[in-house]
Amino acid sequence: MSNDKVTTQRSENPFMKYLRKDRLPHIFCAGCGNGTALNTFFRGMEAAKIDFDNIAMVSGIGCSSRIPGYVKCDSLHTAHGRAISFATGLKMGNPNLDVVVFTGDGDAAAIGGNHLIHAARRNINLTVICINNNIYGMTGGQISPTSPKGSFGSTAPYGSIDKPFDLAELVVAAGGSYVSRWTAIHGLQLANSIKKALNNNGFSFVEVVSQCPTYFGRRNKLRTPVEMIKAFKENSIVKKKADKMDQEELIGKIIVGEFVNNPRPEFSENICKLSEEKCGKVQLVKSAYLNEF
Amino acid sequence: MIIVNPDLCKGCDICIESCPRHVYAKSEKLNKKGVYLPYLDNEKKCRKCHLCELLCPDQAITVEEEDD
Amino acid sequence: MFIQGNEACARGAIKAGCRFFAGYPITPSTEVAEELARILPNYGGSFVQMEDEIAALGAIIGASWSGLKVMTSTSGPGFSLMQENIGYGQITETPLVIINVQRGSPSTGQPTMAAQGDMMQARWGSHGDYEPIALSPSSVQECFDFTIKAFNLSEKYRVPVIILTDEIIGHMREKITIPDEVKVTKREMPQEKPEDFLPFKADENGTSPMVPFGEGYNIHVTGLTHDERGYPDTSSPKAHSKLVKRLCNKVLNNRESIVSVEEEFCDDADIILISYGAPYRSVSAVVKKGRSEGINLGSLKINTPWPFPESQVLKAAEKAKDLVVVEMNLGQMVHEVESVARDKANIHLISKIGGELHKVEDILSKIREL
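Residue numbers (the working numbering), protein chains in the order written: chain A, 1 to 293; chain B, 294 to 361; chain C, 362 to 731.
Bound-form chain A, shown alone (with noise of 0.2 angstroms):
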């Protein structure tokens, strides 16, 4: 039977070595942007020649934080907010490792702000995924510091009266070296500029503006995923075109591009070098398993 070989013949998707495929489907909705941006992750890991055993992933809370969770490597899902601080002692603590951090809107930059700018400003070499989709998922809906101002949220019946954070403008003007924005149709612009994220030796920022149809969709008139990356298809603008724009005319726009890309000194490496310069010693690594250090 012709079924028969095309059942032996079948390939794996090309993700699925890298996942917890006892964990699958993921608890995403249809549609969500978290799965496509796993996958640009992947993707640009490949490109940029990194070894998948090497990769740490930290999240917080949040629908993105739960990503970290389905791949097949050492992952800390952390508290709300607070995943690049742990992230920052994972990396101090062992340098070798490539530590990705998965992240949203509401956790990185409403609760988890001030850990984000501090360690854009330390230049810390964390990558890290912020899942940008204007709302709070997993709680139901309710406005977020990047819903656009008119927006509506379960939290904002009215629509969002505040101006929206522009994440990737704030962690450029907090001294992130590599920083970056696409939306979740992007695939191929993205899993390059992960790709440049994590060959970066410093903090980098890919912000990835994703739908989610359930909770942000659904109150703000565009109730389908295809609904929704239409939108992000129409609504888009290059950096370089839009820097060449009024104010006015980026209303309602999303502008994506490189942000930055300004290698400087990095963090856990000053610190080493602190280690071995002032006092000549070799930072240690995994020194709780040693019996004499």
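Bear in mind the hints are in silico, worked out from the structure with no lab data behind them. Where hints are given, some of them may not hold.
As the list claims (entries may be wrong) - Straight-line alpha carbon distances no greater than 16 angstroms define the calculated EDC-like cross-link-like pairs of lysine to aspartate or glutamate that follow:
no.	chain 1	residue 1	chain 2	residue 2
1	A	Lys195	A	Glu258
2	A	Lys72	C	Glu556
3	C	Lys611	C	Asp490
4	A	Lys72	C	Glu576
5	A	Lys286	C	Asp490
6	A	Lys253	A	Glu266
7	C	Lys544	A	Asp162
8	A	Lys233	A	Asp246
9	B	Lys338	B	Glu359
10	C	Lys547	A	Glu292
11	A	Lys286	C	Glu576
12	A	Lys21	C	Glu556
Said to hold, decoys possible - Chain B is nowhere near these chain A residues, computed Cβ spacing over 10 angstroms in every case:
no.	residue
13	Lys196
14	Glu234
15	Asn270
Owing to the predicted nature of the structure, the values given are computational and were not obtained by experimental measurement. Yeah, the Cβ is synthetic: ideal placement off N, Cα and C, and Gly gets one too.
Given chain A's structure and the hints, the job is docking chains B and C onto it.
Below, chains B and C without anything else, positioned relative to chain A:
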């Protein structure tokens, strides 16, 4: 050949929307999980750009490089 | 060596193998951080000043999973900020040590004055059911010794351990002896291969060997209720009950080997004074003076407020007619003494707040009134 894994697909239609060559179409019947799966309406047009594979949020699509 | 209590905590930490410190400046604990900022690089360790105490605890938990012994230090306001991540440390079984140099409170209170107002916060400060381990030094030597003990307990049971010291002990200078050799508990790698290893399955100690990140074990560590693999399992009543009871029992079932008390003149005492931390210094003088006046006083010094030394307090209650709890708050540990011993002895509280130690004569005059 393109494989859509019915156990993982949640029927979001992103593959249908984003395929530059309109390879996918939406089935008219719900499957037993309550999902309108995409089907290959025009597989011959596929140029194996793997974009659907990359964008599929549920790791449900496999685009095989070699056809028999 | 003639040093300050806070410095002794820092020296003890180094001796115990601490190679990572993350903290945030706060009076009266800052000298712990300052000392470690200076000496950690000499031992191949690293120091980082974080943006707040929440981040400090986050960073040490991250560093603990990288395979280092870790510590932070703080005082009341910072300790409050750490509570969320203390719960995370509990549920993920992360070894770490927190030095809390207590000051007058609530809120900003008295930054430069001593208090023992955080005893119950150390017990119940984070949300949910958990069993903390806490030690209270009453001398500079004990700051050093107890910090080492804190690391060893933390590694053995994989729990956060808190040193509840105070401004008096932290800033006091005394001569201490630093031994050449100290007993240090090191971490062990599991015997199993990565594919067979269950990172959250209890062994005979009630916990499991801790693997560091980057060894190929691919462990998932989460603050959510999880199974033995570490995978979240948040809606099963059974899974939650199993996990939380195991975490509590690994401390409670080992209570007798964790707790430490010191008795003086208790055997023939009519009145036993119970104290911990700085007030023990007054109590010790009171007992001697009282005895010289013919009052049969004894002292029960609690080194480990948590887990509470129930059987030891009960034993004291069976010996003496009156138990007098001397503490620098309006009555915290006295409630524990009452719940254990109220049927066996009369329980009294001699409390003092404001930052000064109890005066010997004040305690004695209250005892004479009993």
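How the hints compare with the structure:
With a C-alpha separation of about 12 angstroms, the suggested pair A/Lys195 and A/Glu258 falls inside the 16 angstroms cut-off, and the hint holds. Under the criterion of a C-alpha separation no larger than 16 angstroms, the hint pairing A/Lys72 with C/Glu556 is consistent with the structure, at around 12 angstroms. Among the hinted pairs, C/Lys611 with C/Asp490 is consistent with the structure: their alpha-carbon atoms are about 13 angstroms apart, no more than 16 angstroms. Under the criterion of a C-alpha separation no larger than 16 angstroms, the hint pairing A/Lys72 with C/Glu576 is consistent with the structure, at around 13 angstroms.
For the proposed pair A/Lys286 and C/Asp490, the alpha carbon gap of about 31 angstroms is over 16 angstroms, so the pair is violated. Between A/Lys253 and A/Glu266 the CA atoms are separated by roughly 33 angstroms; this puts the pair beyond 16 angstroms, and the hint is violated. Proposed proximity of C/Lys544 and A/Asp162 is contradicted: the alpha carbons are some 58 angstroms apart, above 16 angstroms. Of the pairs offered as hints, the one joining A/Lys233 and A/Asp246 is violated, with about 20 angstroms between alpha carbons and a cut-off of 16 angstroms exceeded.
For the given pair, B/Lys338 sits about 15 angstroms from B/Glu359 by alpha-carbon distance, which is consistent with the 16 angstroms threshold. Proximity of C/Lys547 to A/Glu292 is assessed by CA-CA distance (about 10 angstroms); at most 16 angstroms being required, the pair is judged to hold. Pair hint A/Lys286 plus C/Glu576 holds up; C-alpha atoms about 10 angstroms apart against a cutoff of 16 angstroms. A threshold of 16 angstroms between alpha carbons decides the hint, and for A/Lys21 with C/Glu556 the separation of about 14 angstroms falls inside it, so the pair holds.
Look at A/Lys196: its CB is around 17 angstroms from the nearest CB on chain B, clear of 10 angstroms, so calling it non-interface holds up. With a least CB separation of 13 angstroms from chain B, A/Glu234 remains clear of the 10 angstroms interface cut-off, as annotated. Distance to chain B confirms A/Asn270 as a non-interface residue, since its nearest Cβ pair spans about 36 angstroms, more than 10 angstroms.
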